[in-house]
Structure formats: C-alpha cells, structure tokens
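Trainee: If you read the sequences in order, they're chains A and B. Here the first sequence stands for residues 1 to 457, numbered as in full-length UniProt numbering. Here the second sequence stands for residues 1 to 457, numbered as in full-length UniProt numbering.
Please note that a few of the clues may not be correct.
One copy or two, it doesn't matter: identical chains are merged, so the pair holds either way.
Pairs of lysine to aspartate or glutamate, EDC-like flavour, derived with a Cα cap of 20 Å [said to hold, decoys possible]:
id	residue 1	residue 2
1	Lys182	Asp153
2	Lys273	Glu35
3	Lys182	Asp27
4	Lys292	Glu164
5	Lys273	Glu437
6	Lys148	Glu423
7	Lys273	Asp181
Derived from the structure by calculation, the hints contain no laboratory data.
Protein chains: 2
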Amino acid sequence: MASHRQIRLGVSMIGLGYHLAAWRHPDAPAGGNMELQHFVRVTQAAERGLFDMAFLADGVGIRFHDEPPGALCHTSKNVQFEPLTLLSALAMVTERIGLVATASTTYNEPYHVARKFASLDHISDGRAGWNVVTSVTDMEARNFNRDKAPGYDARYDRAAEFVEVVRGLWESWEDDAFVRDKASGLNYDPGKLHVLDHHGPHFQVRGPLNVARTPQGAPVIVQAGASEQGRELAAATADVVYAAAQRLEDAQAYYASVKGRMARYGRAPEALKIMPGIMAVPGRTRQEAEDKYAVLQELVQPVVGLGALSNYLGDLSGFPLEGPVPEPTNRRMHSRAQIFLDIARRGGLSIRQLYLAVAGGNGHRLVIGTPVDIADAMEEWFLNGAADGFNILPPWLPGGLEDVVEMVVPELQRRGLYRTGYESRTLRGNLGIAWPEHRRAGVKRAAIAQALGSAAQ
Amino acid sequence: MASHRQIRLGVSMIGLGYHLAAWRHPDAPAGGNMELQHFVRVTQAAERGLFDMAFLADGVGIRFHDEPPGALCHTSKNVQFEPLTLLSALAMVTERIGLVATASTTYNEPYHVARKFASLDHISDGRAGWNVVTSVTDMEARNFNRDKAPGYDARYDRAAEFVEVVRGLWESWEDDAFVRDKASGLNYDPGKLHVLDHHGPHFQVRGPLNVARTPQGAPVIVQAGASEQGRELAAATADVVYAAAQRLEDAQAYYASVKGRMARYGRAPEALKIMPGIMAVPGRTRQEAEDKYAVLQELVQPVVGLGALSNYLGDLSGFPLEGPVPEPTNRRMHSRAQIFLDIARRGGLSIRQLYLAVAGGNGHRLVIGTPVDIADAMEEWFLNGAADGFNILPPWLPGGLEDVVEMVVPELQRRGLYRTGYESRTLRGNLGIAWPEHRRAGVKRAAIAQALGSAAQ
Ligand SMILES: Cc1cc2nc3c(=O)[nH]c(=O)nc-3n(C[C@H](O)[C@H](O)[C@H](O)COP(=O)(O)O)c2cc1C
Ligand SMILES: Cc1cc2nc3c(=O)[nH]c(=O)nc-3n(C[C@H](O)[C@H](O)[C@H](O)COP(=O)(O)O)c2cc1C
Chain A
1 MASHRQIRLG VSMIGLGYHL AAWRHPDAPA GGNMELQHFV RVTQAAERGL FDMAFLADGV
61 GIRFHDEPPG ALCHTSKNVQ FEPLTLLSAL AMVTERIGLV ATASTTYNEP YHVARKFASL
121 DHISDGRAGW NVVTSVTDME ARNFNRDKAP GYDARYDRAA EFVEVVRGLW ESWEDDAFVR
181 DKASGLNYDP GKLHVLDHHG PHFQVRGPLN VARTPQGAPV IVQAGASEQG RELAAATADV
241 VYAAAQRLED AQAYYASVKG RMARYGRAPE ALKIMPGIMA VPGRTRQEAE DKYAVLQELV
301 QPVVGLGALS NYLGDLSGFP LEGPVPEPTN RRMHSRAQIF LDIARRGGLS IRQLYLAVAG
361 GNGHRLVIGT PVDIADAMEE WFLNGAADGF NILPPWLPGG LEDVVEMVVP ELQRRGLYRT
421 GYESRTLRGN LGIAWPEHRR AGVKRAAIAQ ALGSAAQ
Chain B
1 MASHRQIRLG VSMIGLGYHL AAWRHPDAPA GGNMELQHFV RVTQAAERGL FDMAFLADGV
61 GIRFHDEPPG ALCHTSKNVQ FEPLTLLSAL AMVTERIGLV ATASTTYNEP YHVARKFASL
121 DHISDGRAGW NVVTSVTDME ARNFNRDKAP GYDARYDRAA EFVEVVRGLW ESWEDDAFVR
181 DKASGLNYDP GKLHVLDHHG PHFQVRGPLN VARTPQGAPV IVQAGASEQG RELAAATADV
241 VYAAAQRLED AQAYYASVKG RMARYGRAPE ALKIMPGIMA VPGRTRQEAE DKYAVLQELV
301 QPVVGLGALS NYLGDLSGFP LEGPVPEPTN RRMHSRAQIF LDIARRGGLS IRQLYLAVAG
361 GNGHRLVIGT PVDIADAMEE WFLNGAADGF NILPPWLPGG LEDVVEMVVP ELQRRGLYRT
421 GYESRTLRGN LGIAWPEHRR AGVKRAAIAQ ALGSAAQ
C-alpha cells in the first residue's frame, strides 16, 4: 500500500442519478429509485472501484418544490428508500465499502439515531457513517408538526448538542465490557458500563445505549453544511465533510476555513477529510464525453429547470426564460442560492442557461472530458489545498458511476494517487482516521476504587 | 394448499432466547445478541419451518431493572440490534418469511415510522410488519427527555392517532401512480398523489410520504397490548395480535373480547389473527423434554430471578426467597403483573418458585413434552376459540427454535393444521389477510374533474 496521501472517493447514489433528467436517460432504469437491485448494482460498482463509501442523501419529505406547478411530477425527486433500512440491506451484498446514511438532527431524537447507526455498524462490521444534516426546508418541517424550519442558529444549536449526546451514547459500554462468562453467570463487567445522564438545553438522555460499542468504536461522522454554523460543527466533530464549490479558489477558501477551526477543538487537520462534490463525465474522447452529457441536457424540460431554480431562488416563472436572472426576492435559506447566483452573474446567463448550467451538478463542480482531463481536475484540487478526496455525483445511475470506475479510477491509480486494494475492513480504517479512544474508560472504575478506599485498578 | 383454517406461526427472536438464563445454555452463542450470523441462522431456521413471521421485540432503552443491584449484569437483557436495521439485513438472506419489527408510538414520529416500514416492505418485497407498542417503562422515558412514561390513556390516545397518520401516509400514492414515461417526461400522474394534510391533537403532518405505495399495499400491523386500551386499538387497526395467557379460559376470554370489538369498526373477525405466545420445549420423550428445560432452570441465579420479578412487581429482595409472594406495594404499570400474581396465588408459590415459574415464558404459556403433546396443546387452543396461531418463544436460540421446526412442525403438518409450503410471496398473503384497498383512490381525481366542470376523470 502507498504510504503517501491518497485521494478518497465517495459516491452519492441519489435515486437515478444527480442530473435533473437522469430518470429519462435511455439506459436508466426509470423506476430504479424504488428498486433494490438498482442500488445493489450501484454499490457493487462503487466497491469494484474501491470507493471509501457509498453515501445516501436524504430528506424527511419531498424537497422539490412544485413551483411552477407541474415541476414535481416531471422529476423523479419524489420517492426513495429510507437510508438506514436500505444501507442495512446493502451491507449484506458488499464487503468493504463504507455505508453513509443521512439523518436529520432537527426531527429526530439522539437515542434513536445513536442506536440505528450503532446497529448498522455492527451489521456491516465497521462500515457505518452518519451524514449529519439539519433539514433546511419548510417542506420537511410540515411533516413534523411545524409550519417552517427553525432558523439557522436554532437548528445548529440543537445539532451540536444532538451530536454530543449521540457520541456519548456510543460510549455507554467499553470495548471489553462484555465478559459473557457462562460459568459465573456474569454477562458484563458493571465497571465498564457508563450511564450518560445528559442534561442539556435540548435533551435529557439518561442512557445507557442498548447496543454494544461498535466495531469502529464509533460510526464515522460526515457533515455537509456550508454556512458558518455548519463549518463550526464540522470542525468540532466531523470525520468527513462534503462540500460544494465550483472554483479552485472557493474550494481552497472553504478548506482552509474548516481546517483552520479545528485547532480550537484540539484536533489535527488530518483528522478531517474534506471531499467536495464533483460531477465527472468521462469519455474516451472529449467529444464523446460532451455527447454523453448532451443526451441528458436535451431532456431537461423548462418546467423542471424552473423547478430546480425555485428550490433556492424562489419561483422565476414570471420572468422571460431567455432574459437575465433577476435578483430573487424570496431567496430560500440555503448556501446553494449564492452559488447559483454567482454562476449566473459570472457567465451573464439567462434563466434557461442557468438552469441548464446547474441541471447536472446542482451547483457542484462539473468536469466533462477524457479520464486524463478528469484526473487532472481532481489532482489539481487534491494537491493545492482544496480537497482530500471527492464525492462523485454521477449524472445518472448506474452507467454514470460505472464510467468513472472503469475509466477514471485506473488513471488515478496509474498516477499513484489512489489505492489498488482496500487497506482495512472498516470505513475508518480506509479513510485513515484514528480509532476513537473511549473517553470515559477507566474513569468510573477509578472513582469506584477510590470511593471504596482501594488503590487497586 | 389446504383451504381450511390453518395455524399461523411466528417466532419471537429475542436475543439469545426468551429464558432468563438462555445465554448461559451450553450450546448458546453467548454473544449472539450482537452477532448478525446468529440472527441469520435463527431466521433461516424459522423459514425452513415455514413460519409466517420472525418478530423482533424492542425497547428504546434497557428495560430490565437493576433491582436488586447486580441483577442486570447477570442477564443478557442489555444490548441488542435495532429491529429495522437488523430486519432489513435479514431480508437479504430470506425469501418468504415475514419480518416484523417493534416500534414505539410514544417516542417516535409517524413520518419516520411510515417511511421506515414502507422502505422495509419494498426491500423485502412485501414481507414487512410493524408491532405497535407504547413503551410502558420509565427506563425508556428517561432516554427521551422525560422522567416517567405517560399514563395509559395518554399513551394509547397518541398511539391511535399515530397509527391513523401512518396508514394515511402509506396511501400517499396510488398503486399505479408512477407512469415514468421517459418520452413525455411525466414521472407520475398528479391525480394519483394524495396529500394527507393531517391536523390532529398530537400530530400535524402534511405529507405526502416520499416512498411509493408498498408491495403489500400497507405493511402488516401487529399489536401487543393487553389492557382495555390495547384491545381497542387492536380491534380497530391490527392485522395480528400477540397475546399472553396461561390458561385456555383466559385466552378464550381475551380472544372473544378483542374479536367482539371489531364489528364496531366495520371489520370481520377473520381480518385479525390472534397469536398467543407459547414457549414450546419438545423432546423425543417427556423425560427428554423435561431434562432439556431443567438445564436452563438450574442456571437461573437468584439475583436474576428477583430482577425478573422486580420488573413487574417491584423489588422483593427484602422478603425471604422461600416465603410467600407478598402483595406488591409498588407494582409497575403492566398487565403482566396480574398474570404473575395469579400464577403465584393459584400455585401457592414462594418467591423462588414464582421466579422459576416465569423464568422461561415470562408469564406466557409453557408446554414441555413430546411433539404430540405440544401439537395437542396448540390444537386445543386453535379449535376452541383461543388462538388463530402462536408466537413461538424459544427458551434459547437457535437450538430451541430448531427443535420446534424439526419436531413440532411435522406433527402439525401430519394433522393437516399447518402449511407444507408458503402460499404467497407476501406476509399478508401467507396470513390470509386481504389486500388493503386504497381508501382515497379516485377521490381527488373525481374532485378535480368536478372542479373543472368536466365529466371525464
Ligand atoms: C454535498 C452536500 C450534501 C448535502 N446533503 C444533504 C442531505 O442529504 N439532506 C439534507 O437535508 N441536507 C443536505 N445538505 C444540506 C446541508 O445539510 C445544509 O442544510 C444546507 O447546505 C444548508 O445549510 P448550510 O448553509 O450550512 O450549507 C447537503 C449539503 C451539501 C453541501
Ligand atoms: C406478546 C407481547 C409482546 C410485547 N412486545 C413488546 C415489545 O417488544 N416492546 C414493548 O415496548 N412492549 C411490548 N409489549 C408490551 C405492550 O405493548 C404493552 O405496553 C404492555 O403489555 C403493557 O400494556 P398493556 O397492559 O396494554 O398490555 C408486548 C406485549 C405482549 C403481550
């Protein structure tokens, strides 16, 4: 195995793919977003490509505005598997790839989240990860007794305490707590059970968790918020960050900003892997790659394009499609809105041009070209302080991912930038992230020993 | 296939088995409660036995009191897999058996529960079931911002509305809503999407669910509450009930009581299958069966026996083990408490005798004998208005279940009381429960057509 720094890869296996028209691609299984075998094929392709992880985005509700009316029924952004159930099933047909599910801190309880990810970590033998999100849309809020999503500070305040409680619950049991001695009848050593007894502004959680400490010590924590609050949470607790940036300088600024905050939490910069999204469209020639992408672009209906803009910029259907992008009056609360506006302003784009520009990557970086072009693009960011790896956003699935595995991965390997075999059985091991020491191990035992006036232990 | 009424079987695959000392059994895998392969073996054994379903009990927290101190660390009732993640994994290594997970209505949100079970139903191709419970213990309450569990009425009031919302969300999409027409770009027919818009005292849930209608139309609903409120909820909404009774007359009374309430909800008695728990311990001879059971009984430590009583009757450790069972002063809120006291009073049992009497079945019926004895016991209840089937509680796993599959199932088949092959691919189909008609199909379309002043759909 190479001992120098290597590129990490993940894949976002959202439904039929990341492109707005993915489901209409001639080779896409149009109903694949609700077909188990579709996801089996996708995950196994990523594992053939030695990816660190397969990632499932999630919303606790439909998150695509039906604005203008008719937008929603012309997309496939309507139904999907629930991530934890799907990834548990996929754990059974994969061996090494990490399995990262999104779960919201705004509409969940930490005890449930701690249990489910701990359970997935046991089922997958150390391959579970949790993508921590705060659920920005009002559409999701309406499924949980609210009209609107809470504001940024409220959401991230709750998220920070939520993650703290979950991590505490994951330390309920020490690694060697379970002696299971049939002869004496002792199942676990009571000195190695830690009751959390958390009392905070949002949560009172006694614990302990009713799941043993997991094969990874703790599931990997992924974070995907770009705001100030999101960066701070990532610096404090995340092992991996998914980012969205178009240009090297923006990615570098983000990278420096998040890594720069880590010292404050006593963390080394290497402890966190920053993996911007990238939509990579490889072809044997540039022309072939352009042609591949054009197939999808031609399938974008105006009502769907406007719908995609409306999610961040509000409804623009009152403006001429060929005219400039107006300053939005009801811009939605989301860091992506600014990325969209920057793209429009930089290129002087019309509304139609803007929705075509973001139809694929939804604001993420788009690279169309030969495997060499794409490897160059990755290498540039990787070597220049903008990325530790990439979250691959295939325009359509499974073909768009299979192309990357077959064409781009070998080119990265030739350059010595990417593994030729998995290093570890666990996600944490493959990412090269340290084993999380149990922070309370021994503490209670020492206290007990002291209370008993004994010097032992 | 036999066309007459047949016995249904489920298995409760709780950890290492139902018996208090299961984990100490010489042949039990002592750490099996956190080993995936243990559950694979258990579920596959049940499927060999053509069981309708494998059932996972659950608590959102440890539910075994450490009373007297030391009770908990001498049992294996401490850690377990989270049911939905485990059953999703088990769906991949089984073909026909139903997969029933317990989820609490008191500490969950209906949108999450609706999604997860719908997702499991898709993953398993129509084999999902939800055991609706209200989480009776204060130990669980303390993991969710509360000191005590809410009272009966509050819990069941929320449960009734919770189930209503979940069922409504499962009807968000009609069966044929998704046209996925690549040519026209229409993904679904908007007339076949139903927004729930629920406004009730506990929940405001807009919907729609972001999961398509499931292979079973709706996952099977199982209920396991014995109180007045629990019976009413079962009569109104359940497809299956798990019951606990020791004697024929008690089981008959319960059976009549629940089925008698169904007419009020416009339901036929056959629409609900009542399956009491039974711990069946078969041997080639009665002596062999008795000896098998004695192995476990001898492994029950007094501190664990007292712990088991304490869960329902409060701490009795201040009373002599060989003395009578006192009238408990702090009896816990649970229908099982009365069953325990009845057993003690009927038999004039000492505290030690009581805990040994319930160490196996925890108040459920216990039958030790030859396969003929056990089939007789089942047949009697099945033919005399006490049961539509049974929830098998193996004293230890996997051996205790494998014994039933190998010895008792063939005897039931010989009598023509049990299937010799699965009738259906779905749990609903095997149980013989009707397809749930979509209650809102056509409604909205008709309303739209009317609003448009058109006679056409
Ligand atoms: C690459 C990426 C992936 C994301 N995936 C999800 C997701 O699956 N579910 C979700 O609710 N939010 C997701 N988010 C949104 C963030 O969690 C966050 O709520 C949103 O970006 C707005 O907050 P911010 O301004 O802090 O980024 C994602 C964001 C990024 C950058
Ligand atoms: C056979 C059976 C299985 C049960 N399984 C569970 C379970 O897995 N989790 C749970 O919280 N409660 C479970 N219960 C408890 C009931 O849901 C209920 O809360 C409890 O029996 C007290 O209420 P009741 O008096 O209505 O029965 C079960 C009850 C029975 C009879």
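Trainee: Confirm or reject each hint.
Mentor: Here is how each hint holds up against the structure:
1. Lys182 x Asp153: neither (51 Å within a copy, 42 Å between copies)
2. Lys273 x Glu35: Answer is neither: 31 Å inside a copy and 31 Å across each miss the 20 Å cutoff.
3. Lys182 x Asp27: between (57 Å within a copy, 11 Å between copies)
4. Lys292 x Glu164: Intra 45 Å, inter 47 Å, cutoff 20 Å: neither.
5. Lys273 x Glu437: within (19 Å within a copy, 50 Å between copies)
6. Lys148 x Glu423: Neither. Shortest intra-copy (45 Å) and inter-copy (48 Å) distances fail the 20 Å Cα cut-off.
7. Lys273 x Asp181: neither (41 Å within a copy, 41 Å between copies)
Checked against the numbered hints given earlier, this structure breaks hints 1, 2, 4, 6, 7; the rest are met.
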